[in-house]
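2 protein chains.
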Amino acid sequence: MASRHRVVIVGGGFGGLYAAQALAKADVQVTLIDHRNFHLFQPLLYQVATGGLSPANIAAPLRAVLKRQRNTRVLLGEVINFDLERRLVILKDGTEPYDSLIVAAGSRHHYFGHPEWEQFAPGLKSIEDATIIRRRILLAFELAERCTDPEECRALMTFVIVGGGPTGVELAGAIGEVAHATLRGNFRSIDPAQARIILLEGLDRILSTYPPKLSAKAVQALQRLGVTVRTNTRVTDVQAGQVTIRCGDQTETIRAHTVLWAAGVEASPLAKALAQASGAELDRAGRIIVQPDLTLPGHPEVFVLGDMANYPYQGGKPLPGLAPVAMQQGRYAADLIQRRLRGAPSAPFHYHDRGSMATIGRAAAVADLGWITFSGLIAWLVWLFIHIIYLIEFENRILVLFQWAWNYFTRNRTARLITGADANEKRT
Amino acid sequence: MASRHRVVIVGGGFGGLYAAQALAKADVQVTLIDHRNFHLFQPLLYQVATGGLSPANIAAPLRAVLKRQRNTRVLLGEVINFDLERRLVILKDGTEPYDSLIVAAGSRHHYFGHPEWEQFAPGLKSIEDATIIRRRILLAFELAERCTDPEECRALMTFVIVGGGPTGVELAGAIGEVAHATLRGNFRSIDPAQARIILLEGLDRILSTYPPKLSAKAVQALQRLGVTVRTNTRVTDVQAGQVTIRCGDQTETIRAHTVLWAAGVEASPLAKALAQASGAELDRAGRIIVQPDLTLPGHPEVFVLGDMANYPYQGGKPLPGLAPVAMQQGRYAADLIQRRLRGAPSAPFHYHDRGSMATIGRAAAVADLGWITFSGLIAWLVWLFIHIIYLIEFENRILVLFQWAWNYFTRNRTARLITGADANEKRT
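Protein chains in written order, with the numbering used here: chain A, 1 to 428; chain B, 1 to 428.
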């Protein structure tokens with residue numbers, strides 16, 4: 001047992017978990033370390049933030065997922081650094097030796113040099129983020145119901161989402177649905193459908209990585225849900241209850257109780273730790289520029305995957321921070337480790353781009369499969385099918401499918417709880 | 001509208017919600033005030049605390065439940081006092097006038113004069129309590145997996161539940177199931193089935209309000225789940241990681257990472273506020289001793305219900321703090337208000353005791369229907385059926401039923417997430 005090749009995987013996201021699973025039958029000893037006890041299906045996190053699903057529906061306990069994989073153990077622990085010379089992962093409370101190391105610790109929000117904005121404009125990366133955002137959205141309507149000052153009421157009923165990528169679009173669409181369908185008839189003093197939902201994008205169109213035709217379709221679908229899309233608009237300041245924007249030469253301050261951040265991410269600080277230890281280069285988003293085989297320059301035994309890695313692809317453009325990229329990279333690293341052990345030849349990583357999709361509420365989505373683009377109900381059904389398939393744990397698939405069907409017909413969302421230590425916070 | 005009789009209900013638990021629903025067709029204006037935006041089905045809270053269900057499965061947004069009841073509005077607000085002279089409910093941020101008032105604000109944990117024990121031995125009353133307890137239980141196993149000191153490991157694997165009433169019994173049974181079934185095969189260094197689970201009861205038997213035969217059945221069922229039941233045992237001190245007990249003349253200190261409190265409750269502090277304003281008497285648990293029609297002495301327009309009320313019943317013994325009592329009292333108060341408005345005669349409140357039940361894990365429960373007692377699989381199925389029926393919202397019924405069926409066959413519990421601000425706390 002002790003003489004077997006030790007593979008340590010840092011991070012139980014798509015990259016780390018798929019790598020671990022791909023090593024199930026390998027003659028290696030796998031240790032998966034995460035600071036959370038569950039794998040999180042991040043693509044559906046916005047549905048938790050808008051009360052459509054419960055956190056547990058999109059989270060799978062890592063131990064449960066890997067319990068039958070006898071060559072693998074799971075450690076709940078916080079990795080803070082690496083000793084590449086001695087081949088040790090340094091935890092907050094211990095060390096873990098490795099022969100091969102896979103680092104896939106993901107990314108976190110990035111406020112473009114304004115970390116102070118975070119308290120006023122939370123981002124969406126963790127279960128806790130999702131319940132905070134859920135609380136803010138629901139509390140805004142509750143406070144508006146009891147509000148007597150028209151200007152204050154208007155600020156409470158204004159929701160600003162910063163960033164027109166998939167997360168921002170999905171979040172804005174879901175808030176539109178909550179306001180127009182879910183909360184209909186729930187209040188006596190306000191009409192939730194009067195909510196202003198504003199999606200801000202710095203570039204000239206939302207979903208800028210998609211073909212322009214799909215961006216236009218997404219704008220139409222968002223408008224039907226009462227979302228105002230403002231492109232070429234940059235945020236210059238965020239404070240409690242207000243956001244200042246610039247569009248061309250115009251500057252404007254929008255009073256909004258709820259401001260949500262979906263504008264930027266940067267790699268986990270572990271990327272910086274690895275770069276310092278190895279001399280590897282970081283890109284502007286803090287990602288490590290990896291070798292063609294996803295390894296750290298000078299350290300073929302160390303793989304860096306997913307949102308932490310800048311893998312120069314088509315024309316030097318890095319691969320996007322999407323689940324399929326991380327999954328394929330995880331499988332590739334697992335395969336390469338096994339090839340090396342048996343002395344087999346290896347090829348550089350190649351990404352099979354099966355396309356990308358974003359959903360914009362009920363029966364509306366956009367899909368770009370490279371060879372074909374489509375939108376509307378069909379895209380939504382494909383989106384739904386793919387997300388159910390990739391959801392970990394069969395029980396969650398059924399729970400999510402049932403709740404989606406229920407939501408489709410009743411427009412109700414039962415997971416709209418205001419919870420947390422400051423569940424009664426009055427202002428953010 | 002303004003001239004209609006105004007009924008203000010404080011609290012959206014079983015008493016308040018059932019009162020509001022019973023007023024659906026009445027020619028009155030109903031205002032339901034709660035500091036949470038949801039009704040919580042407390043009898044199943046222990047299943048959230050042990051990872052079997054998600055919080056939203058046992059919580060129903062009050063607005064969604066009451067949205068079609070056009071004579072009713074819901075206010076999210078914190079009631080801090082009452083002005084009985086001017087007939088005003090005093091909120092933290094405003095006042096609300098009433099003609100009839102129903103106060104059903106429930107109860108909270110009581111540490112017998114030792115509030116400092118709460119931080120070491122959390123009780124189970126709210127969603128937040130449940131996620132805190134879930135975190136402590138799961139984290140104990142995680143820390144034990146990485147523990148190298150045998151004594152420390154033993155403390156991590158020791159779970160003490162204080163109080164052998166229904167909540168303590170259900171909690172102990174569920175932890176037994178988690179240790180013996182759910183977590184089987186999940187760890188590599190520890191065997192979760194080696195966990196010590198100790199249920200402490202001050203009296204000479206657990207479930208002391210049930211017939212002695214059922215207490216004995218419950219002990220047997222708990223023992224099968226690996227739970228040690230210690231009766232005639234009182235807690236004399238609780239500190240971080242340890243609990244001191246006395247049994248007869250013997251004093252003993254048990255080292256335990258997880259100590260849970262299910263020993264006592266006291267009425268909401270609003271009972272004291274009402275007593276001070278009206279001169280009503282409080283019992284030792286802080287409950288108001290109400291009139292035969294559930295009103296405050298001298299204030300026939302003020303009803304006090306559920307866990308806040310001491311209603312002297314059979315031989316002066318107060319009714320227990322159970323959901324059916326609160327439900328029936330809520331309906332009674334709603335009916336009495338309507339009778340008064342139409343000048344109809346009224347009778348004192350009468351409790352229809354349909355019995356009580358407690359469950360002790362998979363396929364095991366005890367039931368006392370007064371005219372018959374039974375236990376085992378049949379009792380469990382009846383318990384299951386009744387809880388599904390009384391669960392608010394049809395969607396939740398299906399979600400809970402599915403998760404129970406899934407859990408029954410697979411023994412898995414997917415809602416076992418370690419979440420919260422201090423998700424990585426190392427010691428409590």
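Hints are not guaranteed to be accurate.
[Said to hold, decoys possible] A partial selection of chain A residues facing chain B, derived with a Cβ cut-off under 10 Å: (1) R70; (2) I90; (3) D93; (4) T95; (5) P97; (6) E142; (7) A240; (8) T244; (9) L399; (10) W406; (11) Y408; (12) A415.
Hints were generated in silico from the structure; no laboratory data involved.
What you are looking at is a predicted structure, and each value in this text was computed from that prediction instead of being measured.
Backbone N, C-alpha and C define an ideal beta-carbon position, used for all residues, glycine too.
Evaluation of the provided hints:
Against a cut-off of 10 Å between C-beta atoms, the interface hint on R70/A holds, since the closest Cβ of chain B lies about 9 Å away. For I90/A, the shortest C-beta to C-beta distance to chain B is roughly 15 Å, which exceeds 10 Å, and the interface hint is violated. The interface hint given for D93/A is met, as the beta carbon of that residue sits about 8 Å from the closest beta carbon of chain B, less than 10 Å. The interface hint given for T95/A is broken, as the beta carbon of that residue sits about 12 Å from the closest beta carbon of chain B, more than 10 Å.
Contact between P97/A and chain B, as hinted, is not supported at the beta carbon level, the nearest pair being about 15 Å apart and thus beyond 10 Å. The beta carbon of E142/A comes within 4 Å of a beta carbon in chain B, closer than 10 Å, and the hint placing it at the interface holds. Taking 10 Å as the C-beta cut-off, the interface hint given for A240/A is violated, the closest approach to chain B being about 18 Å. Checking T244/A against chain B by beta carbon gives a least distance of about 29 Å; that is not within 10 Å, so the hint is violated.
Checking L399/A against chain B: minimum C-beta separation of about 6 Å stays under 10 Å; hint holds. Here the hint on W406/A is kept, as its CB sits about 5 Å from the closest CB of chain B, short of 10 Å. For Y408/A, the interface hint is violated, the least distance from its beta-carbon to any beta-carbon of chain B being 12 Å, above 10 Å. Annotation: A415/A was flagged as interfacial toward chain B, and the flag holds, the nearest CB pair being 4 Å apart, inside 10 Å.
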